[in-house]
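Each residue of the first sequence is one higher than the one before, counting from 1 in the working numbering.
If you are wondering where the hints come from, they were derived from the structure by calculation, not from laboratory data.
Just so it is clear, the structure is predicted and the values come from calculations on it, not from any experiment.
It is possible that part of the hints are untrue.
Unchecked claim - Straight-line C-alpha distance at most 30 Å; calculated DSSO-like pairs for lysine-lysine:
hint : residue 1 : residue 2
1    : K313      : K360
2    : K219      : K292
3    : K292      : K357
4    : K189      : K219
5    : K219      : K360
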Amino acid sequence: MPQPDRWIAHLDMDAFYASVELLRYPQLKGEAVVIGGRRADAPRQREDGSWQYARLRDYTGRGVVTTSTYAARDLGVFSAMGLMKAALRAPDAILLPADFDSYRKYSRLFKAAVAEVAPVIEDRGIDEIYIDLTDVPGVRDAVGHDPLGGVKAVAREIKNSVWRATGLTCSIGITPNKLLSKIASELDKPDGITVLTLADIPARIWPLAVRKINGIGPKAGDRLVKLGLQTVGDIAAADPRWLIEQFGESYGHWLHNAAHGRDSRPIVTHSEPVSISRETTFERDLHAVHDKALLGGIMDELCERLAQDLARKRYAGKTVGIKLRFEGFVTVTRDQTLKTPILTAADIRHAAGLCLKRVKFDKRLRLMGVRIGNLVHASEVPPAVPAAERAKAPERENLSLF
DNA sequence: TCTGGGGTCCTAGGACCC
DNA sequence: TCTGGGGTCCTAGGACCC
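All chains should be built: construct the whole structure from the sequences, respecting the hints.
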């Protein structure tokens with residue numbers, strides 16, 4: 001049987017945020033625990049040494065579930081679910097606030113541990129990565145006699161390295177490409193290793209629901225099911241011309257290829273950010289006129305934080321955009337490209353003010369955000385005009401809506 | 001008792017230029 | 001003076017992912 005030209009791994013940390021919390025609160029192992037909510041109370045220890053936790057049933061507000069332990073998932077509580085809805089399903093579940101500094105720390109630790117075994121890594125966020133194993137010695141040397149054995153041994157080595165560095169488990173899928181590996185890493189979760197070749201596609205991939213493919217989301221998934229295609233195998237068996245008629249040239253082709261397990265995307269070890277943003281959902285919907293001062297202050301703060309992000313990462317940007325979400329969840333964006341890159345909070349605020357003027361405020365607002373794109377490295381930005389001169393600019397004041 | 005926050009990529013129309 | 005065809009940039013919205 002011909003061997004694949006690449007061995008690509010997808011590594012996914014098991015219930016990552018929840019598992020990091022369990023390192024801190026090991027007494028919660030096996031409990032239904034939910035991470036989420038902006039102001040959930042942290043656990044506190046009573047005088048007698050016992051712990052007191054916030055419970056899901058006591059939560060009020062607009063938060064969503066960020067992660068849940070496997071025990072909570074058994075009760076029907078999943079990521080992105082509204083906390084109020086989750087509370088109906090698991091009122092007694094323990095609610096912990098998210099601690100992103102801690103998660104980022106463990107993220108760096110596990111990625112460094114993987115890099116010691118296999119250095120060609122593509123970052124896919126805080127809790128998952130792709131790894132090119134093709135040239136890792138234990139894999140390369142096994143080509144010809146026992147390729148699958150070599151791949152599995154390296155996978156075990158990676159898992160051990162992650163465990164030693166963090167005390168956390170992960171699941172790994174290894175196949176000839178990213179698309180299949182992403183699916184494979186979920187087939188034996190938690191703490192599993194799944195190795196597949198192209199020959200395994202009919203038996204292992206085709207029975208899966210279409211939504212298991214990374215790139216088929218809620219909308220496309222619904223449409224496929226309505227068209228009678230429930231499984232990946234159903235897509236694979238469909239006439240590609242018909243798929244193109246239904247989904248367009250680009251997505252139709254992609255669906256056909258994906259269902260057959262074809263994907264030639266490379267591992268990307270370095271990338272530059274495209275945009276940076278900050279947004280916030282309000283506790284209650286706000287009125288553009290009645291809450292004008294409050295909204296103005298929130299916009300000031302978002303621009304301030306965005307400017308700090310830019311400074312920390314040493315970028316400036318030419319395009320400033322705002323995002324508004326109204327009651328009813330209707331989202332509107334406006335953006336504006338400037339002649340030169342900017343990076344200060346005042347410049348961002350000014351551009352955001354111009355964008356705000358182009359929006360009709362006929363409903364209450366639930367979210368406001370600011371984004372900066374068209375990024376350049378800060379070193380490429382021409383020297384700033386001195387603040388004293390800028391203050392003279394006539395249009396500086398009274399331009400913004402809020 | 002709906003629906004966070006930070007991203008990427010794609011599409012499609014219009015402006016503008018050659 | 002009744003109408004082409006690219007290419008690129010900008011803008012708005014939307015799908016999708018972690």
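Verification of the supplied hints:
This hinted pair does not check out: K313 and K360 have alpha carbons roughly 34 Å apart, beyond 30 Å. Between K219 and K292 the alpha-carbon distance is near 36 Å, which puts this suggested pair outside the 30 Å criterion. Taking the CA atoms of K292 and K357, the gap is near 13 Å; set against the 30 Å cutoff, the hint holds. A distance of roughly 26 Å separates the Cα atoms of K189 and K219; the hinted pair therefore holds under the 30 Å criterion.
About 28 Å separates the Cα atoms of K219 and K360, which keeps this hinted pair within 30 Å; it holds.
Violated hints, in rising order: 1, 2; the structure is consistent with all others.
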